[in-house]
Structure formats: C-alpha cells, structure tokens
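Going down the list, the sequences are from chains A and B. When the letters of the first sequence are read in order and numbered with our numbering, they come out as residues 106 to 472. When the letters of the second sequence are read in order and numbered with our numbering, they come out as residues 8 to 337.
These are calculated hints, taken from the structure and not from any lab test. There's no promise every hint is true.
[Said to hold, decoys possible] As a list, the in silico SDA-like pairs of lysine to any residue whose alpha-carbon atoms are at most 20 angstroms apart:
1. A:K368 with B:R273
2. B:K133 with B:R144
3. A:K368 with B:A275
4. A:K368 with B:H270
5. A:K368 with B:P274
6. B:K247 with A:S383
7. A:K113 with A:R324
8. A:K190 with A:S157
9. B:K133 with B:E122
10. A:K368 with B:E272
11. A:K272 with A:S235
12. B:K129 with B:R92
13. A:K190 with A:D200
14. B:K247 with A:T384
15. B:K181 with B:M63
16. A:K190 with A:V123
17. B:K93 with B:P67
18. A:K113 with A:R197
19. B:K93 with B:V130
20. A:K208 with A:R197
21. B:K247 with B:G42
22. A:K368 with B:L271
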Amino acid sequence: MSAQEPGKEPLLSVRDLVQEFAVRHSGGTGLGRVPATPGVKAGVVQAVSGVSFDIMPGETMGIVGETGSGKSTLARSVLQAPRPKSGSVTFRGEDLTRLRGRKLLEARRHMQFVWQDPFSSLDPKWRVRSIVEEPLVAFHDGDRAARRKRVDQLLDIVGLDPVRYAKRHPRELSGGQAQRVAIARSVALNPDLLICDEAVSSLDVLIQAQVLNLFERLRHELGLSYLFIAHDLALVKQVSDRVAVMYLGRFCEVGPGESVYRKPLHPYTRALLDSIPSTEPGAARAAATLTGEPPSPINPPSGCRFRTRCPRAQEMCAEQVPMPRELAPGHLVACHFPLSEPAPAATATAAARNTEPATQSTKVVSS
Amino acid sequence: MSDALLEVEDLRVAFAVGGRELRAVDGISYTVEPGRTLAIIGESGSGKTVCCRAIMGLLPVGTAIGGSARLRGTEMIGLSDAELRKHRGQDMAMIFQDPARSLNPTMRVGVQVTEAITTHRKVGKKEAYAQAVELLRLVRIPAPERRFHEYPHQLSGGMRQRIMIAMALACRPKLLIADEATTALDVTTQAQIMELMLELQQELGMGLVLISHDLGLAASYADEVVVMYAGKIVEQASAKQLFGTGGTVKMRYTRALLDAIPHLERPAHTELPVVSGRPPDPANLPPGCSFAPRCPSAADDCRATRPALVEHAAGHRWACWHPCENGVAS
Chain A
106 MSAQEPGKEP LLSVRDLVQE FAVRHSGGTG LGRVPATPGV KAGVVQAVSG VSFDIMPGET
166 MGIVGETGSG KSTLARSVLQ APRPKSGSVT FRGEDLTRLR GRKLLEARRH MQFVWQDPFS
226 SLDPKWRVRS IVEEPLVAFH DGDRAARRKR VDQLLDIVGL DPVRYAKRHP RELSGGQAQR
286 VAIARSVALN PDLLICDEAV SSLDVLIQAQ VLNLFERLRH ELGLSYLFIA HDLALVKQVS
346 DRVAVMYLGR FCEVGPGESV YRKPLHPYTR ALLDSIPSTE PGAARAAATL TGEPPSPINP
406 PSGCRFRTRC PRAQEMCAEQ VPMPRELAPG HLVACHFPLS EPAPAATATA AARNTEPATQ
466 STKVVSS
Chain B
8 MSDALLEVED LRVAFAVGGR ELRAVDGISY TVEPGRTLAI IGESGSGKTV CCRAIMGLLP
68 VGTAIGGSAR LRGTEMIGLS DAELRKHRGQ DMAMIFQDPA RSLNPTMRVG VQVTEAITTH
128 RKVGKKEAYA QAVELLRLVR IPAPERRFHE YPHQLSGGMR QRIMIAMALA CRPKLLIADE
188 ATTALDVTTQ AQIMELMLEL QQELGMGLVL ISHDLGLAAS YADEVVVMYA GKIVEQASAK
248 QLFGTGGTVK MRYTRALLDA IPHLERPAHT ELPVVSGRPP DPANLPPGCS FAPRCPSAAD
308 DCRATRPALV EHAAGHRWAC WHPCENGVAS
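This is chain B alone, in the form it adopts within the complex (with noise of 0.2 angstroms):
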C-alpha cells in the first residue's frame, strides 16, 4: 500500500447550514495507484465532488473536514492555505466542468497557460512562454503559436477544455482530478478529450480521478470504480468486475444506474427501468441502507440497519443487505 499515490481513509465533510450539521461526505475510503484511474460515480449531491475538493482544499472555511488524505504520504487534510498551494498544481490539479467559466474571459488564454507555470516554479518570461506553447502542443491544440493569443470565447468548448487540461498540467501534477470535465462537451469532443488525457496519463504516469454521473464514461475509461449515494460509497471494484462479460454489479444502486442509461441495442419506445423518487436529503438521511426508500427490493432490515461497505469478493466491496445474485436485479 505504501506505492500509492493517493489514500483516502474515512474522509468526513460536513457543512453548517442553517443550524443543522449536513454531511456531504460521510467516511469514504479509496486509493489511487500512480498511472491508474480511479472513477468516482454518482448522482448530484451524492457528495463525489466535495470529497475531491476537500483533499484540494477547496471547500469554504468553516466546513468541517475529518479524516485523512494521504498525497504521496503528506497529509493534506488540514494544511494551511500556504503549504497546500505548494501541492496544488505540482502535486494535484483539477479541471471542472464548465471550462467557459473557469477560464478568464479578458485574459487571452496563453497568458493563463504561463500563469500556471510562473506560479508554482521560478522561470524566465522567455522560458515560460516556450513551455505555455509546448504544453498547448501537448494537449493537441493545432497552430499553438496563434492560439495563445486568443481569448476563450473564441475557441469551441473543446478548446477550451483542452487550455484547462493544459494549465492543470502545467506543473506535471502527480495527481489530476477531473471534475465532470467531459460533461458539457459532445460524444465526439468527449471521446478525444478522454483519449488524450489517458495518453497523456501514460506519458507522464499521472493518478487521474474521474467524477462523473456517467457509468458509461466509468466502464470505458476508468480502471477502479467507487459509486457513491448520499455521501457513502456503496459499492467500490474494479472495471473489469463490475461491467461487461463476466462483470457483477451487486449494488442494486449501481443497477439501476447502469439500466437507466438508454443503451443502442435497446428497441426504441421500450419502457427504460426507473426507480422513483429523489436522493434523500443529507440532512436528514433514514436510519438504514440510505437507498433503501427507492430501492425496489428493500425489505424490513434494509430499512432498519445501515449496511457497512465490506470487502465481499477480493477487491470488490458494497454495502448491501440482498445484493444482486449474477448481475442481475432479482
């Protein structure tokens, strides 16, 4: 265990809001090897963003985080502003979702590119522009010399990401945490994107985390899979096991996940299998399995007792009562 890159052991986030204690992340557990990926899946607010955002550092102040995070075997939980800006960009780096506002819309986007760099390392203007040029090289951006004079509105949503990826790797993170980065861009645009950053994975042996809501992006891309539902994970595998031939999925959360996505073999006007309902509210979650009031074969235990996330089968984990038998919601 001592080779990973980054360990995540019982992380707890938990915000005030209106007198009331809300836990956004409540004890999750993940490990990311150095050139793995490691996608995080879930619905809004099931808490897989703030998890990544508290080892970052990048949830208000105030927020009570508990835990640990281990970066290369620095603890990042509870590190001042000052020493966690040495991590961030040399260590880890993030890209969000919306790259159209993340970028600054009055700066032409080499100038952010160099920024990146001249924040974290003590270079020449000369060698920082050479190095802005070559990362957007990198990141596959065509006639970078005339890119970087150019402002983000005037580049496609592609583009755009693409000077994200750019600036988070500036610094050659060890870790790149990918937030959504893929959602707002079309399957094609989507699919470049995702190569190029597993390329670019390859080439500088980077950990990437993936969150997403899409389990599709997750079985193609990511090697570990950790699904979370209000703030828990509840069930934790690797790709192989959980998807395709010879995959089980156990958690009848992840099911349901799994056949809500319209897939192309399915005839057209066939009823897509739902659950009803909503996540439950954080802060004011039921005594038992959190799924349990939408899950369709919750029985009286489920709603009793929470299920504890336990290793099962070697390296595939969920926290279930009546888990799926062979894959298949019985």
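For reference, chain A alone in the conformation it holds in the complex (with noise of 0.2 angstroms):
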C-alpha cells in the first residue's frame, strides 16, 4: 500500500502481514471448576489481517490506531517477536520471516525499538552507562575503551551531559531524561529503522516536544528511518512522510500526512480527526461523531470491520471486504463509499450496522 518510486529499493516491505493469536476463555483458565466467562469466547484474536507497506530509505511512516488496533502488534511482528503468522518482511533485501537464529539476530541490529514506557524498558539496577553500552558489547562493537568513548558520544547526541548522567540510575532520571536513554541506546549501533511505539505518549507536552525535536535531528544526523507509531494523530502527523490509519487489524487509509488530514477518505479517519480537541475554545463541542467501542478482534464484522461504527456502512459493507484504491497520488483508502464521493442514500446504513457478522459470514467475499 504504497507508492513506489521507481528505482528505489524500499528499506523494509511488509506484504500482507498477518498475525493471530489462539485464546482460550478468559477469566479463568475454563478448565476444571473454573468457569469461562460468559460473553468472552474463545477463539482467535485476528490482531493484523493482512498489511502491506514500504519504507522507503529516511522516510518516515506513521501508523495511528485506536488501542487494540493491532498497531504495536503490527511493530512487533516486523520484529518477528514473536514472528507473524503469515506474510513477508523484507528489511534490506532479507525476508526475515524465512531467518534463523544468528542470521535474524545480525538482521535486528539494523532495526531498533524504542518502548512507551522508558522506565520499564531500562533495567533499574543499571546505570546509564551500562545501558547504552549493553548492545555494543552483545554485538562484540570495539573494544573497552572505544566502547566508553562511544557512549559519552551517543549520550551528548541525545543531548545528555555523560559527566552528569552516565553514572545514574534510572531512578534517578526524569521520565524525558529516561526517555533519551532508550533512545542513546537505540541507535547505539547505528541502525536503520527506529520502530517508535508510543514512544512519546508518556511525557509531558514540553518534553514531548523536546523528544520529537531529537527524533527529527537523529533522522537527518543519522539517517535513520522509523516507523512511528501513537494514537495521536496530530503527533504522528508532525514527524512522519506518511501515515496510515489502522482500524482493527486492518489499515483503512494510507497517504501522505498532509493529504490525510487535509483530505481524509475514510469515514474512520475524519472521526479521528474530529476527535482532537482543537485549542479554538468550544470547537470540540458537537464533534464527537463516533459513537460505540471498537468490536473484538475474536470475531470481528464480516466485510469492512469499521462499519458497525461508520455513519455511510451500506449492506455492501457487510459482504465484501474494501480493497484498498488509490485516489490521490500516494494515497490509498479501503473504503466502499470514500468520503471524496457522495455520501450514499440513507436507507440500508442502519440494516448494514446492526448486521451481525455470524450471520453474514457465509457471504464474505473473499479477497
């Protein structure tokens, strides 16, 4: 689901990616005495149904989802931890889904991850120096004194004083200050990709700041590119080249950031957008146009899975699952009735929404 430029290797190609994950009943383990909860099944969560996107080399693709969009599970397949279900990774020219053991493990080194919460992802008995350290010396990079030096550089490019904070713990570092560790450590074996899950969304709105400005600075010093993914779209949108919006599983809409926003094509995302609270006092007051919660991912509805959600669902969007099509240069939508074309006539929306999918499912059309 993207543009391809013609002559240029994409640094990583996801092609419909999938991942699933077996449940039994929850709330309780449903065997013995125990019993299964009722209005929990047990099944398969479908968390990503078949994605496909490129990063091209220093570009940067932001994904933005509801929670359990299957946006960080998304992330983490391209990692193969744990691997996908189906579907191709290809970082680098690899396929890392056919890579073993020290082959996947040399591959993963060009791809780091910086985590939401930077003080569950640092270890608290550490010290800062160690941490940045630690993936130099798994990788066996130089020798012990090259390896010091290196921190006291990767610490002064996360804009840290080595003298002040190699020797603390994290403890002793506020959340931002954390923060810039995760990422000193990162990109301490200068890599390719930098997969941002949430990495921003625990901080305070000036620090925040302050972090997305050296996101920015990292990408042009290093070249790096990421895939930058948060629930905020107005965050995803100030860092990335393209964004696509993930809905269940599925994305629903890709496209150049500015075009998505200025221009949005599925209904999904102009709810989204809706959503932000402007700072244009009581503008947000009559935008709260989506109503409801995000269906489970165990069975989710037949067809386009947003339209259980969607103002235009027409009975269409039960049976036949949205391809995506490109409207507009670079930008894709999965969506029956786009909101670039008129909106369709009221009369089966409520059928559509209310449709169960149990019952529609013999009629899936499948892609």
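Could you use the hints to bring the two separately framed chains together as a complex?
Structure representation (structure tokens):
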C-alpha cells in the first residue's frame, strides 16, 4: 500500500502480514471448576489481518489507531517477536520471516525499538552507561575504551551530559531523560530503522516536544528511517512523511500526512480528526461523531471492519471486504464509499450496521 | 461571590521530605461556579493534583495544609475524617486517571457502584440496585443490567472510566473533580467521555474541575482556565480570553505549553518550539520567577524578584514581568 518510486529499493517492505493469537476462555482457565466468563468466547484474535506497506530509506511512516487496533502487534511482527502467522517482511533485501538464529539477530541489529515506558524498558539496577553500552557489548563492537567513548558520544547526541548522567540509575532520571537514554541505546548500533511504539505518549507536552525534535535531529544526522506508532494523529503527522490509519488489524487509509489530514477519505479518519481537542474554545463540542467502541478482534465484523460504527455503512459493506484503492497520488483508502464521493442513500445504513457478523459470514467475498 | 460553589483562597500545601519543607502548592486562589468548568493545567509536579486532593482531604497525615477552601460556604480545610466523609460523595467527588487501578478487580462493577450509593445513603438493597443500574444507564453503558455483573477486567478502558464516573455521580455531587480522567484514553473515547461529563454537568448543574496537562482539552471544554507552574498559578483567565481568535496568552509558560502541542496545521518535520530544561525542584526554588531559568525572554528583574499574580485586565490575571504582546512571544 504505497507509492513505489521507480529505481529505489524500499528499506522495509511488508506484504500481507497476518498475526493471530489463539485464546482460551478468558476469566479463569476454563478448566476444571473455573467457569468460562460469559460473553468472552474462546477463539482467534485477529490482531493484524493482511497489512502491506513500504518504508523507503530516510522516510518516516506513521501509524495511528485506537487501543486494540493492532498497531503494536504490527510493529512486533515486523521485528519477528513473535513471528507473524503469514506474510513477508523484507528488510534490507532479506525476508526476515525466513531468517533463523544468528542471521536474524544480525538483521535485527539494524532495526531498533523505542518503547512507551522508558522506566520499564531500562533495567533499574543498571547505570546509564551500562544500559547504553549493552548493545555494543552484545555485538562485540569495539574494545572497552572505544565503547566508553561511543557511549559518551551517544549520550551527547541525545542531549544528556555524559559527566552528569552516565553514572546514574534510571530512577534518578526524569521521564524525558530516561526516554533519551532509551533512544541513545537504540541508536548505539547505527540502525537503519527505528520503530517507536508510543515513544512520547507518556511524556509531558514540553518534554514531548523536546523528544520529538530529538527524533527529527537524529533523522537528519544519522539518516534514520522511522516506523512511528501513536494514537495521536496530530503527533504522528508532525513527524511522518506518510501516515497509515489502522482499525481492527487493517489499514483503512494510507497516504501523505498532509493529504490524509486535509482530505481524509475514510470515515474513520474523519472521526479521528474530529475527536482531537482543538485550541479553539468550544470548537470540539459538537465533534464527537463516533459512538460505541471497536468490536472485539476475536470475531471482527464481516466485510469492512469499521461498518458497525460507520455513518455511511451500506449492506455492501457487510458483504465485501473493501480493497485499497488509490484515489489521489500515493493516497489509498479501503472503503466502498470514500468521503471523496457523495454519501450513499441512507436507506440501508442501519441494517448494515446492525448485521451480526455470524449471520453474514457465509456471504463474505474472499479477497 | 456568595453564589460560588467552591472558593479556594490562598491554599498552601507543604510536605516534609527528609527534614526539608517541600512546598507543593504555594498560595493559590480560584472559584468554581455551579454548572461551570474550570481547567487546572500544568506539567507533572506543578501541584495541580495536590491542590485538589487537599480539598478532598486525600493527602497523607502530617501534610501541612494552610489557607481556605469553602464548598458552598463550608470550610473543608481542617475537617476531621468523619466530617469530610459526609461531604465526599454527597457534595464533591473525584475521578482519577487510571480506572483500572481505582476499581477493585475482585468485585463486580455493579456492586462497586451500589457500594458508593449505600455508603452515603440509607437505602434498601433493591432500591440501591435499581439506582446503580440507573447510574450505569446515565453514563451511557449499553445493556447496564448485564454489565452490572461483570468484573473490571471484562470492560474496556473507556467503559471502566464510565463506571468511575457512575460511582462519582452516585450521590449527585455538586462538585466533580476529574484528575486526568481522560489522559489514558484514546482520542475518540476521550471525546465521548468529555461529552458525557458536560451533558451530565448540564443535567445535574455540577461544577466541574478538570485537571490536565493538555491545553487543547482545556480550550475545548473549559470555561475558566488556571495554569500552574511550580505550585503557583501563573495565569488565570476565561478560555475565551486565552484561546482561539481574539484570545491572548500573556504568560510565556502558557505560550510554551500551547506551542509545544503538535498541530495538524503544522507541516511535517518542522521543529517544534521548545523550552529547554525541566520544572524546578520544589524544595529549591529560584528566588525570582520560578519559570525564569527556562524562559527565553527572562531578564535580570525576573531572576531577582518574583512577579505576583495580578489582575491586569478584567478577569485575566498573570504573573509575569514581561508578558507576551498580543499573545505572541517576542
């Protein structure tokens, strides 16, 4: 789902990625005397259902979606932790899904992760110096003196004074500083791709701006590409060249950030945009267009997965999975009735929204 | 002023940490009118939560609380636990940030809502059940009779927050304090919950205090805005005076908060205007303006003398020696 520039090899190319998890009855094991909780069925969580995208060298791809949309699972599947159910992940010309053992480790070296909570991703008993040095040790990068120099340099890059911070423990750092340490560690091995999963979401707005600027600076200085995941569309747009909107394991819309924001094509994107509090007093009052909550990924709606909450849903949406269509340059949407077209007649809307997936499942047109 | 719901005057809170006095809240004053929304904005550690917990009587024993907070004319500061209990729930209630941690994981949610009712009112079992289901319906929980019997882990984050609101509203409080109540939620859920709170506010005529670090939220939903920094109010005005067209922000800290929010209008990859540094250590405040060490336009007088919070224009107070002209930092 991306505009291919001829003659340029993508750094990361993901095709039809599927990740599923089997669940037993929740609320107890469902074994022995522990009853299975009513309403929660055992089944397969369809976390990611056929996602494709490319990231070009130096490009930042942003992914937005609500909790449970599968965006974090997507990131982990790219990293092969755990391995995806099916699909391919081509990184620097190699299909990671086929790599094993040492070769996979070697490939992962060029692909690093920054997590949401710096305090739970930094060992509380280690000092900052050892934390940042660890990847260098793990990959036998230089001798002790060289590594020491490199750690000082890395801390400097992320804006921490090595003299003051190298000997501290994570608990002696603020949230922003701890996240900088995590970033220093992730760029230690000169990766090509940095995957940021809600990397600034837990920070205060002023610190968040500092860290976002740091990401931008590293992009220039180290030539990094990013896969930037967050639930905040404004934040993602700020750092991304292209933005993908994810809902229940599928991409609804992918396109250049400016285009997705100026001319959203998917009703879900429109709803996300409307939900952002504006700095205009009273402007957001009438904007809560989206009602209800995302359905369970265990038994997602047939056809278009957004149809149960979509104001434009028709019967067709329950029957056919919408395939991504390119409606503007590089701007793809998976919707039968995109916002660029006039709204469909409202007759069948209610029926399509209320159709239970189970009764419709026989009609699903395989894609 | 007599019709104010909550009048906070010169509220001071100090903790004793390691033999040192740590002034978390240092002389703040504000009022909340019935049916109106006040937003208290600030970074972590600015004292915004502490000042509301002081009013609710939720601070640890041994905390030095000074000043006054009158709820419908009744002084709240200095009340005993038993006296406070009469007011909590009935007159004022609080919703916290993390509903997963505020709910009892081993109790069915309906029972927890019922408990909130029976603790404060003498009602029979059946009546309490009926009221609890009605509350769940009030906070727009679908199929309330079924949800009543579910445990917190079976509900989504937005649903759990609705349960918290239902519990807070159990006795129709006059004042509702929402402490980062929507911070952990998705934007779509946040919009739903905020709409719900405003609707309920209209229905019940409650005063609402929103504690948040998000100026966007304050701009969208609040009537009055208080910006806190290092335990003090640095700017105080109506939302209309601060935000949007015709709004002017005077305090540079507020400006910085506003500028640091990623806007959809801003082109990608542009540098966000930032202020460097971190909030000061409350045990070791600078002598002058506490924002001076981070302020891009701090002068010698800022570092020497602390500016007082003064009402410079009608309804608009700020504490700054060199305020922004026309809301734009010079």
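Here is what the structure says about each hint:
1. A:K368 with B:R273: Cα-Cα ~15 angstroms, so holds.
2. B:K133 with B:R144: Judged against 20 angstroms, a Cα distance of about 17 angstroms means the pair holds.
3. A:K368 with B:A275: With Cα atoms ~16 angstroms apart, K368 (chain A) and A275 (chain B) stay inside 20 angstroms; holds.
4. A:K368 with B:H270: holds (16 angstroms)
5. A:K368 with B:P274: Roughly 15 angstroms between the alpha carbons, so the hint for K368 (chain A) and P274 (chain B) holds.
6. B:K247 with A:S383: Measuring from Cα to Cα gives roughly 13 angstroms; hence the hint holds.
7. A:K113 with A:R324: holds (19 angstroms)
8. A:K190 with A:S157: Answer holds: K190 (chain A) to S157 (chain A) is near 14 angstroms, not above 20 angstroms.
9. B:K133 with B:E122: The given pair, whose Cα atoms are some 13 angstroms apart, holds under the 20 angstroms limit.
10. A:K368 with B:E272: holds (13 angstroms)
11. A:K272 with A:S235: holds (9 angstroms)
12. B:K129 with B:R92: holds (15 angstroms)
13. A:K190 with A:D200: Between K190 (chain A) and D200 (chain A) the Cα gap is close to 14 angstroms, so the pair holds against 20 angstroms.
14. B:K247 with A:T384: holds (10 angstroms)
15. B:K181 with B:M63: Distance of about 13 angstroms is within 20 angstroms: holds.
16. A:K190 with A:V123: This hinted pair holds, its Cα atoms lying about 5 angstroms apart.
17. B:K93 with B:P67: Between K93 (chain B) and P67 (chain B) the Cα gap is close to 19 angstroms, so the pair holds against 20 angstroms.
18. A:K113 with A:R197: holds (12 angstroms)
19. B:K93 with B:V130: Holds. K93 (chain B) to V130 (chain B) sits at ~16 angstroms (cutoff 20 angstroms).
20. A:K208 with A:R197: holds (13 angstroms)
21. B:K247 with B:G42: Status holds; Cα separation ~17 angstroms.
22. A:K368 with B:L271: holds (12 angstroms)
Comparing the model with each earlier hint shows no violations; every hint is respected.
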